[in-house]
Amino acid sequence: MLKIEGLSVSYGRRRALKGVSLGVDSGEVVALIGPNGSGKSTLIRAASGVLPVDAGDVRVDGRSLAELSTMERARYLAVVPQARNLPPAFSVYESILLGRTPYLGWLGRAGDTDHERVRYALERTQMQPLADRLVGELSGGEQQRVLLARALAQDAPVLLLDEPTTHLDLQHRETLIHLVRELASSRRLAVLMVLHDLNLASLYADRLSLLVDGELRATGTPEEVLTEETLSMVYHVPVHVIPHPEYGTPLILPDGRGNEPNMVNTKADRK
Amino acid sequence: MSFARAILISCVLLAAALVLSVAFGPVYIPPGTVLALFLARAGGAALPAEAAGTFSTILFELRLPHALLILLTGAALAGSGASYQGLFRNPLADPYLIGVASGAGLGAVIAMSIRWPADLIGLYVIPAAAFAGAVATVLIVYSLARYGRSLPTTTLILAGVAVSSFATSLTSFLMLRSTEELRRATGWLLGGSLMSGWQPVLAVLPYVAVGLAILVTSGHALNVLQFGEEQASQMGLPAERVKFLLLLAASLTAASAVAFAGIIGFIGLIVPHLVRLLWGADYRRLIPLSIISGGTALLIADLMARVVLQPQVVPVGIVTALAGAPFFLWVLRRAKNQGYW
Chain A
311 MLKIEGLSVS YGRRRALKGV SLGVDSGEVV ALIGPNGSGK STLIRAASGV
361 LPVDAGDVRV DGRSLAELST MERARYLAVV PQARNLPPAF SVYESILLGR
411 TPYLGWLGRA GDTDHERVRY ALERTQMQPL ADRLVGELSG GEQQRVLLAR
461 ALAQDAPVLL LDEPTTHLDL QHRETLIHLV RELASSRRLA VLMVLHDLNL
511 ASLYADRLSL LVDGELRATG TPEEVLTEET LSMVYHVPVH VIPHPEYGTP
561 LILPDGRGNE PNMVNTKADR K
Chain B
219 MSFARAILIS CVLLAAALVL SVAFGPVYIP PGTVLALFLA RAGGAALPAE
269 AAGTFSTILF ELRLPHALLI LLTGAALAGS GASYQGLFRN PLADPYLIGV
319 ASGAGLGAVI AMSIRWPADL IGLYVIPAAA FAGAVATVLI VYSLARYGRS
369 LPTTTLILAG VAVSSFATSL TSFLMLRSTE ELRRATGWLL GGSLMSGWQP
419 VLAVLPYVAV GLAILVTSGH ALNVLQFGEE QASQMGLPAE RVKFLLLLAA
469 SLTAASAVAF AGIIGFIGLI VPHLVRLLWG ADYRRLIPLS IISGGTALLI
519 ADLMARVVLQ PQVVPVGIVT ALAGAPFFLW VLRRAKNQGY W
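So the sequence lines, in the order shown, correspond to chains A and B.
In this text, residue positions in the first sequence follow the numbering used here: the first is 311, and each later residue adds one.
In this text, residue positions in the second sequence follow the numbering used here: the first is 219, and each later residue adds one.
The hints are simulated quantities; they were obtained by calculation from the structure and are not laboratory data.
It is possible that part of the hints are untrue.
[Said to hold, decoys possible] Which residues of chain B face chain A? A partial, calculated answer using Cβ under 10 Å: (1) Gly250; (2) Ser451; (3) Met453.
Heads up, the beta-carbon is just placed ideally off N, CA and C, and yes, glycines get one too.
Extracted from the complex, chain B is given alone in its bound form:
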């Protein structure tokens, strides 16, 4: 199947997931009305009478910003997951499993525990702190897991688990001894958005956009890196510098997702894997397709999280973990058969 068709199909699925996501909630907005409202907003046409007031407010002030935040988060997690897999030459690398998410969470909680002079500053400091936490974690895990010139799955996952539990414990400790503000963070850490409205969307957008833009262009470099650092250099790719740049870009992307949506596991593992099964291992296709489908996957998970126990909302991280953990075991078995460990 051609790349253009794969992109088209993924985009159609994403659009459908987006419409469904904003349609469902305590108040049901029929998808037809959603489309009509979008068209009206875009074209400035007159709104259908009953839809104009409440529906419009719910859609544009609550549901759409929430859905876009979820979409950006899913895209960021899947895009960074696919990139980590390419960088580490390991199909099980996922921002959650290798501890990057917990490290970013710790960074974010440290930033939250400081009383910033204005809310808005905090909004921009949190992702930076999450980024620092993510980069520190990935460097620690990488150096712990590295065995000679290879990165075996066993050591990668073990180092990820150990560093991740350490970061999570520190996070819990910080949250226990702190007050009000951090208590909100409990729900957030399980993958519920911290804030609603357009502010977090606008705050996360620049980080995710920059990170993903770098990752989208990196497919060829990741392809060359699949031969290992030494051969990549002999083939003309400055492997060390490229790896470092991509590690930063992937961590920036993953960290900004964590900073605004909490710790959501397995999206970075499931989505690239399915894309690879459907459309092949070429990273020039894998990364953009994972990004689009990551948005779709998390929108669907979020939708399920909101409707299953209505009116109660299950943190989306629980939904992705419920689906993702068995999937992870399946991939683990496949990876074993393919000789990764």
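So here's chain A without its partners, still in its complex pose:
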């Protein structure tokens, strides 16, 4: 469904993405992992068409996004950014309704279908009880769900998420990713999601793409990508990878020694 081909982006003279290619099928969740500054967010922004690209192409359903207008593009591809500085004075309902922008005219007059889509998005994200609340009064986790609901109302076959769990606690993180996973399966969405938390990625993604210094280092199932060797090399710290007690997926544990070979193992010392 989503095909990114040879995408290159630079900020000034710094090359942030160097010919990245990856594909996401309908119903599939691909997690984008990698160290800070490796270009994960840049990939999401470039794929959504808000960054000028040096080379490469993004195709959705065979159509190149470069040939589409901003409005048409938003019908193919919805983005869930990090919940920061959302307009505080709009209600949850109003915010989600603005997700219908690609289907509305200049005046933004919403019809029955639009309101129906908003109600559906509210229901799927379990936000109905908060529909009339102002976004500024919500917690970080709730605001993130507003953004997911807004993207859902946008009714696009491709969903891009940029670190949607950064400011969330364990419970909200699990709930949100679980919901994304479930939506991908039930609505046949192609989901590309930047995730910092390798264990979440391992647990919920069908495939992982590991981005290092703007280049794709590895793509594959969690078992293929999340090996001790690869991770230790990429993150410059030794790690242990053990099978998840229930699902057998890779579970990453820090080694506890940091990246200094001679540093004391604090945990071992305390024993």
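Since the structure of chain A is provided, determine the placement of chain B on it from the hints.
Same frame as chain A, but now just chain B:
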């Protein structure tokens, strides 16, 4: 409260302010007589005997055109203020505070300092020059105040103050070294109309009408823009083009108000703010309601300016600044608490 009711209430208040505005002056015309004269004009009915002559002349030749010019000015300032606030995602953006008014004033004074072959040409060139000055100022202030992808209040206001004082100094310089014609402009710059009669009303109307018509329809786009340019694009709004178009429309509106009524501050700040407190932050409502209430607010300020020191007329810009500066400080504190700076 429903939007229709809010519009209705605002219109009733505007009508009341208009009647009061034309009633008061050196000669008092009772509001009942004003209404009777309006009805007579509209329906062609016979006028009450004593009202027919003097009252009718004062009303239709002096007071009504003045009041309509004030109404259009207030509407233009409040409508453009609300739009700037939406465009800059900053509740303190006001055509006066961000320097647009001074820039427009400079443009207008430059146009006035040129001797046009006929008065009428000047009447149409002045708003165009004010528009050019306004657009240049807003672009300068915006690029100075922009910090990465945000527009902090502190830099916006500071850049506005700096650019505004620069434009004002140039304006004063031009006025000092020039003759007669520009001396009239001193009073005008403080917010007194330059000319009386119907001519300025008819000259300003097309600019304000076009600018406000664009702004009235832009509520949805401004709502989407509240998420920031990047998200707005991802939501399907061609953000850059829309922002540019609305910046031009807001500047055209503000500039035409300045061209004919001088520099009047704070209306573009106070009115949208009160409307927002009463009727919410949805720009589809905020802009039309601000436009209507802007007319009301400036009519009231103008009325006060004319009656306080009767028969002397205080420039209306002084009245709005007296009320507006404390209000501005109050909003500034609120904005701080809401994390705008």
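The hints, checked one at a time:
1. A least Cβ separation of about 41 Å between Gly250/B and chain A goes past the 10 Å threshold, and the interface hint is therefore violated.
2. Interface restraint check for Ser451/B: the shortest CB-CB distance to chain A comes to about 5 Å, inside 10 Å, so the restraint holds.
3. About 5 Å separates the beta-carbon of Met453/B from the nearest beta-carbon of chain A, less than 10 Å, and the hint is met.
Consistency with the previously given hints fails for number 1 only.
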